[in-house]
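Engineer: Sequence:
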Amino acid sequence: MRAMQPNVSIAAVALHYKLNANLLRRWVAAQEEQDAAREARQAMSAPLAEFVPLQVEAPGAAVVPTEIQIEVRRGAATVTVRWPLCAAADCAA
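Be aware that the sequence shown starts at 1, since it is given in this note's numbering, and climbs by one per residue.
There could be a bad hint or two in this list.
[Unchecked claim] What follows is a set of in silico ranges between Cβ atoms, one per label pair, in the way DEER data are often shown:
1. E50 <-> W83: 53 to 61 Å
2. P59 <-> V81: 29 to 37 Å
3. G60 <-> A36: 52 to 60 Å
4. P84 <-> G60: 20 to 28 Å
5. A92 <-> E57: 33 to 41 Å
6. S9 <-> R38: 47 to 55 Å
7. P84 <-> A62: 14 to 22 Å
Quick caveat, the hints were computed from the structure, so don't treat them as lab data. Fair warning: this is a prediction, and the values are worked out from it, not measured in the lab. In this text, a Cβ means the ideal position worked out from N, Cα and C, and glycines have one as well.
Kindly generate the complete structure, drawing on both the sequences and the hints.
Structural biologist: See the structure below:
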């Protein structure tokens with residue numbers, strides 16, 4: 001648009017094309033807003049997400065308890081009994 005070029009009088013362009021200068025000024029302002037909005041959208045556009053490969057460790061062997069633990073609480077007192085798992089039958093006796 002010729003009226004938007006540097007060092008060009010909007011009034012002179014309006015007079016040359018027999019337009020109302022105020023109307024041409026509104027058109028120029030609206031076009032400048034659209035251009036600024038388009039530039040802002042382009043500047044703010046985020047890059048597309050890309051696949052990021054991750055190395056995942058294989059789950060380790062499950063932790064197998066080596067003892068039986070029985071805990072009894074009564075008020076402020078706590079009694080804990082730990083017994084080897086290999087002697088579980090004796091713990092129940």
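Engineer: Compare the structure with each hint and give your call.
Structural biologist: Hints, verified against the model:
Roughly 55 Å separates the CB atoms of E50 and W83, a value that falls within the hinted 53 to 61 Å. Distance hint check for P59 and V81: the Cβ-Cβ separation is about 31 Å, which falls inside the suggested range of 29 to 37 Å. Between G60 and A36 the CB atoms are about 57 Å apart, so this pair conforms to the stated range of 52 to 60 Å. P84 and G60 have their C-beta atoms about 23 Å apart, which keeps the hinted 20 to 28 Å range intact.
For the hinted restraint 33 to 41 Å between A92 and E57, the CB-CB distance of approximately 38 Å keeps it satisfied. Distance hint for S9 and R38: a CB-CB separation of about 26 Å, inconsistent with the stated range 47 to 55 Å. Taking the beta carbon of each, P84 and A62 are about 19 Å apart, inside 14 to 22 Å as hinted.
Of the numbered hints listed earlier, the single one contradicted by the structure is hint 6.
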